[in-house]
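Quick mapping for you: the protein sequence lines, in order, are chains A and B.
Mapping to UniProt numbering: the first sequence position 96 is 96, numbers consecutive.
Mapping to UniProt numbering: the second sequence position 99 is 99, numbers consecutive.
Derived by calculation from the structure, the hints in this document are not laboratory data.
One should not assume that every hint holds.
A pair holds if it fits inside one copy or across any two, identical chains being indistinguishable in the list.
Capping the alpha-carbon separation at 16 Å, the derived lysine to aspartate or glutamate pairs in EDC-like fashion look like this [stated by the list, open to error]:
| no. | residue 1 | residue 2 |
| --- | --- | --- |
| 1 | LYS131 | ASP147 |
| 2 | LYS253 | GLU144 |
| 3 | LYS131 | GLU347 |
| 4 | LYS245 | GLU175 |
| 5 | LYS222 | GLU144 |
| 6 | LYS253 | ASP284 |
| 7 | LYS103 | ASP354 |
| 8 | LYS103 | GLU158 |
| 9 | LYS223 | GLU144 |
| 10 | LYS222 | GLU248 |
| 11 | LYS196 | GLU352 |
| 12 | LYS131 | ASP143 |
| 13 | LYS253 | ASP306 |
| 14 | LYS260 | GLU234 |
| 15 | LYS131 | ASP145 |
| 16 | LYS280 | GLU248 |
| 17 | LYS244 | GLU175 |
| 18 | LYS279 | GLU248 |
| 19 | LYS192 | GLU232 |
| 20 | LYS76 | GLU347 |
| 21 | LYS196 | ASP145 |
| 22 | LYS223 | ASP312 |
| 23 | LYS103 | ASP306 |
| 24 | LYS279 | GLU369 |
Computed from a prediction, not measured in an experiment: that's the story for all the values here.
Protein chains: 2
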Amino acid sequence: MNRFNLCDVIYFVELVQKFKSEVCNQIVTIAPAVASKLTQIGREMAVSVRDVARRAGVSVGTVSNVLNSPDKVSQKTAVVVQKAIDSLGFVRNDAARQLRAGKSRSIGLVVLDIRNPFFAEVSRGAEEAAKDYGLSVLFANSDEDFDRENSLLVLFEEQRVAGILLSPLASDLSEISRIRDRGTPVVLVDRKSRNKTFSSVSVDDVAGGFLAVEHLSQVGKKKIVFAGGPLEIEQIADRLKGAKKAAEAMGIKLELAVTKNLTVLEGRALAAEILSRPKKLRPDGIFAANDLLAIGIMQALVVAPDVSIPNDIALVGYDDISFAGTALISLTSIRQPSLLIGAQAVELLMQETDPMSNFRRRQVVFQPELVVRDSTRPQSPDRAKTFTQRSK
Amino acid sequence: MNRFNLCDVIYFVELVQKFKSEVCNQIVTIAPAVASKLTQIGREMAVSVRDVARRAGVSVGTVSNVLNSPDKVSQKTAVVVQKAIDSLGFVRNDAARQLRAGKSRSIGLVVLDIRNPFFAEVSRGAEEAAKDYGLSVLFANSDEDFDRENSLLVLFEEQRVAGILLSPLASDLSEISRIRDRGTPVVLVDRKSRNKTFSSVSVDDVAGGFLAVEHLSQVGKKKIVFAGGPLEIEQIADRLKGAKKAAEAMGIKLELAVTKNLTVLEGRALAAEILSRPKKLRPDGIFAANDLLAIGIMQALVVAPDVSIPNDIALVGYDDISFAGTALISLTSIRQPSLLIGAQAVELLMQETDPMSNFRRRQVVFQPELVVRDSTRPQSPDRAKTFTQRSK
DNA sequence: CTGTTAGCGCGTTCAC
DNA sequence: GTGAACGCGCTAACAG
Numbered sequence: 001m002n003r004f005n006l007c008d009v010i011y012f013v014e015l016v017q018k019f020k021s022e023v024c025n026q027i028v029t030i031a032p033a034v035a036s037k038l039t040q041i042g043r044e045m046a047v048s049v050r051d052v053a054r055r056a057g058v059s060v061g062t063v064s065n066v067l068n069s070p071d072k073v074s075q076k077t078a079v080v081v082q083k084a085i086d087s088l089g090f091v092r093n094d095a096a097r098q099l100r101a102g103k104s105r106s107i108g109l110v111v112l113d114i115r116n117p118f119f120a121e122v123s124r125g126a127e128e129a130a131k132d133y134g135l136s137v138l139f140a141n142s143d144e145d146f147d148r149e150n151s152l153l154v155l156f157e158e159q160r161v162a163g164i165l166l167s168p169l170a171s172d173l174s175e176i177s178r179i180r181d182r183g184t185p186v187v188l189v190d191r192k193s194r195n196k197t198f199s200s201v202s203v204d205d206v207a208g209g210f211l212a213v214e215h216l217s218q219v220g221k222k223k224i225v226f227a228g229g230p231l232e233i234e235q236i237a238d239r240l241k242g243a244k245k246a247a248e249a250m251g252i253k254l255e256l257a258v259t260k261n262l263t264v265l266e267g268r269a270l271a272a273e274i275l276s277r278p279k280k281l282r283p284d285g286i287f288a289a290n291d292l293l294a295i296g297i298m299q300a301l302v303v304a305p306d307v308s309i310p311n312d313i314a315l316v317g318y319d320d321i322s323f324a325g326t327a328l329i330s331l332t333s334i335r336q337p338s339l340l341i342g343a344q345a346v347e348l349l350m351q352e353t354d355p356m357s358n359f360r361r362r363q364v365v366f367q368p369e370l371v372v373r374d375s376t377r378p379q380s381p382d383r384a385k386t387f388t389q390r391s392k
Numbered sequence: 001m002n003r004f005n006l007c008d009v010i011y012f013v014e015l016v017q018k019f020k021s022e023v024c025n026q027i028v029t030i031a032p033a034v035a036s037k038l039t040q041i042g043r044e045m046a047v048s049v050r051d052v053a054r055r056a057g058v059s060v061g062t063v064s065n066v067l068n069s070p071d072k073v074s075q076k077t078a079v080v081v082q083k084a085i086d087s088l089g090f091v092r093n094d095a096a097r098q099l100r101a102g103k104s105r106s107i108g109l110v111v112l113d114i115r116n117p118f119f120a121e122v123s124r125g126a127e128e129a130a131k132d133y134g135l136s137v138l139f140a141n142s143d144e145d146f147d148r149e150n151s152l153l154v155l156f157e158e159q160r161v162a163g164i165l166l167s168p169l170a171s172d173l174s175e176i177s178r179i180r181d182r183g184t185p186v187v188l189v190d191r192k193s194r195n196k197t198f199s200s201v202s203v204d205d206v207a208g209g210f211l212a213v214e215h216l217s218q219v220g221k222k223k224i225v226f227a228g229g230p231l232e233i234e235q236i237a238d239r240l241k242g243a244k245k246a247a248e249a250m251g252i253k254l255e256l257a258v259t260k261n262l263t264v265l266e267g268r269a270l271a272a273e274i275l276s277r278p279k280k281l282r283p284d285g286i287f288a289a290n291d292l293l294a295i296g297i298m299q300a301l302v303v304a305p306d307v308s309i310p311n312d313i314a315l316v317g318y319d320d321i322s323f324a325g326t327a328l329i330s331l332t333s334i335r336q337p338s339l340l341i342g343a344q345a346v347e348l349l350m351q352e353t354d355p356m357s358n359f360r361r362r363q364v365v366f367q368p369e370l371v372v373r374d375s376t377r378p379q380s381p382d383r384a385k386t387f388t389q390r391s392k
């Protein structure tokens, strides 16, 4: 069978360490056998329920019961088994457990950008809710990249997670329905399922976009720029849609400035472009599709000698991340109930998982809220007031 | 054996859906049998390599080879098998795979606070590096809570992750060495292993603390407050140590203000306390142990009528998160190479994993860097300059 | 209450 | 190149 025993291997490893470069070719030749042997050694070290059972003088079934149904075991044996577990340093193998159960005890959360504080809040909400079901949440970051999103979905599906919370990048959800059909429930986060084929929890982005532009109009602005992109992201498209609706309703101009992404850097670049225009071609209000973008825009505008916020250009962001109120000029923004979104998403996932409940897929839509701050407030004689409002 | 067949179950489920409340008690009674049956039905739906093999008219071994060693299989059969996989919607079961391999293909990353942008950067660095090894990174958030940290470590160990990157909360690492001894390599992140029992990658926090206070002294400040806590967190303690060293070296006063955590809110509270003092008891410089805390302090100071930054009180943060430059008054901070930290941590983990390499545990220490901005710059006649410096 | 045992789905031999 | 058979560690069903 195996032409190598433990001593051979140890000798060989020592040899390699000493004459690494010389025996390089031989490593390649013999590697599989060595590797297999090393694996075996590793296995011998791993303690399993069987080892625990032997040590405790009981059967594996009893050990399993101690772990999973403590009430089925007498106090006395439970103590003996627990001692064996501790002294052997036994740790359950979740893979084996999962294989048997057919499902894992974690749910996967795929967000568009881990650095976006909005998603950090969502994940915290999800985590809290999941804890009540004895589940843990695995975060992952698609980084607004189709391939990454896809490979993460594959990863989670291969892991047989209890469910996936997805903030989808693609507008084509057919691949995702296929995942669902194969048995992994999926709930969409921050994106409404148009045809009701998915449960989803989202914020009414059209309403948010409307709120923002309506507000800009109400503080007297007439030439608004909508900044954001890519427009394939449905939330962005919706915010734009709401913005357009408001612009029409209020009878003001809306210019579209598509950005490559929603980062501070992109915001700066866009603002630079606007600043390069002659003054009369500049907008008097900017609605940025998220706060990071807005903050970038603000950075560039603030250092420009001939522009004042909000008098020359007023600025509205989206998400109301915690830094919105902390920006150089505190940022008016659209607030989304991020913690609630995460928690609600887990609830919907659990309904979908439960085979008993005659559940219907639900599209929960939260309403966003306008938070007015200095970036659109014409005069702010009393900054202390702003501060107090925020801190309550 | 089973007193229920499929028809019984379907009938029963329908019954439940119709008269949910009425049959509630009966559900409790019969649930185990039903659940088991439902599980079985679920299993029947799941397609395994066996199904693929049957459909393709080959054996399971061949299917496995197509998946894992394509070169061992003829082109023709490979195509046939691939077709079967696609048409059946087969998805590999990672649990089974892992069980066989003894190791999973992901590494766990436990950070102190997912909302802290510093850790977001670290995780991105780790992700990039892990990709090169064909591994994925699972994030998790200990939320600066001992119990959470512990249960996450258990979770990862049960999952038999390829390794754990840990930003540890506890100063007592004995439990963590036990994990390592049981076979899961651990690399400490953002924390040096004093006795060299762990590989670690960190930033020299003592040097960082020194830099901060030295700088405050150099801009003419004489009564510094160190703000941060809890001091059980070693990084915080180190920053304090460096601060003390600098204060001594420069012959200035250092007051210690311990906070409960490192959040914007705590910063505000601390600043409120300072503002409540008579003017001559106030410090003329504050060194906050991270940027979030510093930003909170700044918020409160800015709205105070009788304090100006940096003239009355200068402020230095730590981490140089991307918002530091964006704060109301751009924040002087200590920069840590966060992406590099994440990447380096994965490298060390891989060295530890490789049974061939005669590795030595290494403690990689990066040097922090002072980034001067308006919060300590006595006069800034040209704000545009600040901006340009940052954006390059 | 406890012991025995049959797989969960896959990867891996080893004969063919 | 291919296929049959074994076992990874665990759980749950059933027999004692």
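Do the hints match the structure? See the list:
1. LYS131 to ASP147: between (30 Å within a copy, 13 Å between copies)
2. LYS253 to GLU144: Answer is neither: 30 Å inside a copy and 49 Å across each miss the 16 Å cutoff.
3. LYS131 to GLU347: within (11 Å within a copy, 32 Å between copies)
4. LYS245 to GLU175: neither (32 Å within a copy, 59 Å between copies)
5. LYS222 to GLU144: Neither, since 33 Å and 48 Å both go past 16 Å.
6. LYS253 to ASP284: within (10 Å within a copy, 49 Å between copies)
7. LYS103 to ASP354: within (13 Å within a copy, 31 Å between copies)
8. LYS103 to GLU158: Both: 10 Å inside a copy, 15 Å across copies.
9. LYS223 to GLU144: Neither: 30 Å inside a chain and 47 Å across chains, both beyond 16 Å.
10. LYS222 to GLU248: Within one copy only: 11 Å inside a chain, 59 Å across chains, cut-off 16 Å.
11. LYS196 to GLU352: Close inside one copy (14 Å), not across copies (49 Å); limit 16 Å.
12. LYS131 to ASP143: between (26 Å within a copy, 14 Å between copies)
13. LYS253 to ASP306: Neither: 22 Å inside a chain and 43 Å across chains, both beyond 16 Å.
14. LYS260 to GLU234: Answer is within; shortest intra-copy Cα gap is 14 Å, inter-copy 40 Å.
15. LYS131 to ASP145: Classified as between; 15 Å across copies, 29 Å inside a copy.
16. LYS280 to GLU248: neither (22 Å within a copy, 57 Å between copies)
17. LYS244 to GLU175: neither (31 Å within a copy, 58 Å between copies)
18. LYS279 to GLU248: Result: close neither inside a copy nor across copies, 24 Å intra and 54 Å inter.
19. LYS192 to GLU232: Answer is within: at 14 Å inside a copy they meet the 16 Å cutoff, but 44 Å across does not.
20. LYS76 to GLU347: Neither: 40 Å inside a copy, 47 Å across copies.
21. LYS196 to ASP145: Result: close neither inside a copy nor across copies, 25 Å intra and 39 Å inter.
22. LYS223 to ASP312: Classified as within; 11 Å inside a copy, 41 Å across copies.
23. LYS103 to ASP306: neither (61 Å within a copy, 61 Å between copies)
24. LYS279 to GLU369: The answer is neither: 32 Å in one copy and 40 Å across copies each exceed 16 Å.
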